Amino acid sequence: MSEHRVGIVAYGSYIPSTRLPLAMIHGSRVKEGGPEKAVAGYDEDSITMAVAAAADCLHGLDRRTVDGVYFATTTSPFREKQAAAFIAKALDLRSDIATNDFSGTLRAGAGALLAAVHAVKAEPDRQILVIAADARLAAPRSSIESNLGDAAAAFLVASGAVLASVRDSFSHADELYDVWRADHDTYLHTWEERFNVTHGYEDNLKAACRGLFDKTGTEAGHYSRVVLGGPDGKSLAQTAKKLGFSRERLQDALFGKVGNCGAAFTPLLLVAALEVAQPGDTLLAAFYGDGAEVMAIDVLASSFTPQHSIAWYLARGKALRSYDSYLKSRHLDAGEHDRRGGEGVPATIHYRERDTDISFLAQRCTQCGTMHFPACRVCYGCYAKDQFESVRLSDKQGRVMSYSFDYFFPTPEPPVIVGMCEVENGTRVYVQMTDASTDLLRCDLPVEFVFRKIHDAGNKPNYFWKSRPLDATHDETGTEAAA
Amino acid sequence: MTDGIRDKVAIVGVGCCKFGENWHQGPEDMIVEAAYEAYADAGLENPQQQVDAVVCGSVYPSRGTAEVAESLKLFERPVSLVQNYCATGTDAFRYGVALVAAGMHDTVLVVGYDKPKDRGVSGPSIHMNTARGLPMTPAGWFSLCCARYFETYGAGREDLARIAVKNHHNGTLAPKSMLKKEITVEEVMNARMISWPFTLYDCAAQSDGAAAAIITRASLAKNFRDDPVYVKGVSIALSANPQSDPTFDFLSWKPTVAAANDVYKQAGIANPAKEIHLAQVHDCFTMTELLTYEDLGFIAKGSAREHIASGTFELGGELPVNTDGGLKTFGHPTGATGVRMIYENVLQLQGRAGPRQVRGATMALSHNLGGAPQTCGLAILGIE
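Taken in sequence, the protein lines are chains V and E.
Numbered according to the numbering used here, the first sequence spans residues 1 to 483.
Numbered according to the numbering used here, the second sequence spans residues 1 to 384.
Don't read these hints as lab results, they were simulated from the structure.
Do not rely on the hints blindly, as some may be mistaken.
Negatives, chain E to chain V, calculated, CB over 10 Å [unchecked claim]:
id, residue
1, D118
2, T137
3, I194
4, L238
The list that follows gives simulated cross-link-like pairs (lysine-lysine, DSS-like), each with its CA atoms no further than 30 Å apart [to be verified]:
id, chain 1, residue 1, chain 2, residue 2
5, V, K206, V, K121
6, E, K254, V, K396
7, V, K89, V, K453
8, V, K328, V, K385
9, V, K121, V, K31
10, E, K18, V, K385
Quantities reported herein were computed from a predicted structural model and do not represent experimental measurements.
Every residue, glycine too, gets a C-beta built ideally from N, C-alpha and C.
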């Protein structure tokens, strides 16, 4: 029986550029280069970060070849409404695909990745996009808040000439209250730290690793790189040591730069490991939470370069002006006028306009070539009626034609930058700009487009696209320019 | 080829209430004040007998045509409502002019009014019923040309500030204006930023107000007044939304250019800078006035900053613009503004503008620009 090599053929990641210096949380003096966490911006959530990581992963690939989206998170904006289908729409994928959410546990990324591997093993012509993203919320100024971070990672799983083959795995399920969030809870709950580390983390990792080692006839030293997340840096180091993994082989968990990013944690570190792995390396990827799942991954090729490297994302950090900005971005500031109420965008309008708003499709007149956005029935250029074909804008670049700064639109750190952009194919779009400061703006500034949350009116997220400067440079220490 | 309406319709009376935050006045109070001043101006002693039809202009009416009919007790005759964003007042006037020129009615009352202050809004509204196209504020839409225009022609915020200073000064000379306050360029530059590059002083405020005009056939005009003012042309033009127009260049507003083309043809004007002696233009924001100097063909494209510096458009200059202080000092009750401009032009042409009088003026233009902006209304009045 020939072995189908099934594994990862492309990958991508996303780390938000907003940084919260840990010293800022408790009002201490923020030192340049000090520890910080990556936090989803006011216009980001698990869905927007997932779209960003997936867009990186799919860069240059034909999106029509994606047959499924498996999305792992503990922080979907919806309790009922599938995030994976939303992500698929934003990525402009086919609709005849299998979309699934894997939720409710820190090891959801393992579940999604293994399910994709098994699906492709069963039908080797398929390609499944696996994405993990999380933006977990701890009570403000609680002890766990400093350890958490927000991020996303994506993998395209297929068979054949894979970069890395997911060769073996072992799953161990457990049930305990080390960390949880019940249906009505806003914030994470955790029990006492040593209990969580001993029984939630250590015990379960030991069981899963033992299981994999026994199954595959390997030991800790067999693995050239160990990709492992943990509740915090110290417990991660101590547990890794107890498991027999040497410090040099442990993938940097990015505490002090990103933080424990939940279901995206091991996936993000796996991307980091793949970026530098060489053919012949064997990775151990361990996902903990409600037990643990571990995988043995054989690196077969190093020919892939991600659209943006993790180093690129890490270098783009910009610190919030204050902890209050962070609270405002999570709607936790009691003094802020809550604009989430009201009807919001009518569902029927959202329905009719989702190709425009969510998939960011322009319309090209097939008679004269004039580009139209938003969609319309009669051509601006030649007046032909209903002679249009859709063109995806989300993966293209553009330039700023003109701009303004709005000081009234609700945002934690005014102003909102907004302006006209011309996409490289001639389409005109009126969009806000994100991850930018006003001093960067000039006419003809090159931009790319990102999927973001515009507001929460109607008590649900309302998404559209924004521009982002292509050459955005931020002070590498993450400190802000003078206001 | 149509005959057009040039010199077929005359204005024989105008009225205007004091514009402002008229908390103490409902729509009826302002409509009555403006209309009855116009009646007196036209010598109409029995308006309920003498007014044949009414055209209202309002963007936020609370009860539409009924509101005006009830206020003025004008029943058993046509009352129509016209709505066209900020060009509402001019378009209502245009509708009335067409009725008179067509010979449908002899005496038509045009009333423009709005009471936005009842909405409880003093700054830009925050819209959340869409995800695309936000922020959705007039300041945002009208500021869209600034960055590109500044970079192309070397203009800047100071040029805009001078326009605000000019209009504030003119407003101190207009009894019906809301703001009577001289300001300086420094005050404009240092005021609170609204939508870059507009600070608070680059923006016209929301206000309540009403203005009215009585129009009739030119051949009947002298029955009312010895000094009627004749309508030379009225135009409306809609252009593509700048936010989706594939050919928009961010250096001028297309609706103004298109409407100007039409109205100059109607009025037989070949050289607007010479033949028009004063103009009321839509200074909802300072940049709108700046672009309008060029879009109306008063000056060459890109030359606004030189003319602003040399005072071409000041009260004592070659072509005074916004002689009563404009939207800047009157505020902008949307439906009333176009008719308020006609009120000012009529007073100027009849030599009744007091300390802000432009000497020897025989031809005046009024201009509105509204929506994204997509719609422009222009009216040219003359006494010869």
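Outcome of the hint check:
no., hint, verdict
1, D118, "20 Å, holds"
2, T137, "7 Å, violated"
3, I194, "6 Å, violated"
4, L238, "13 Å, holds"
5, V:K206 with V:K121, "28 Å, holds"
6, E:K254 with V:K396, "29 Å, holds"
7, V:K89 with V:K453, "15 Å, holds"
8, V:K328 with V:K385, "46 Å, violated"
9, V:K121 with V:K31, "50 Å, violated"
10, E:K18 with V:K385, "49 Å, violated"
When the structure is compared with the earlier hints, violations turn up for hints 2, 3, 8, 9 and 10 and for no others.
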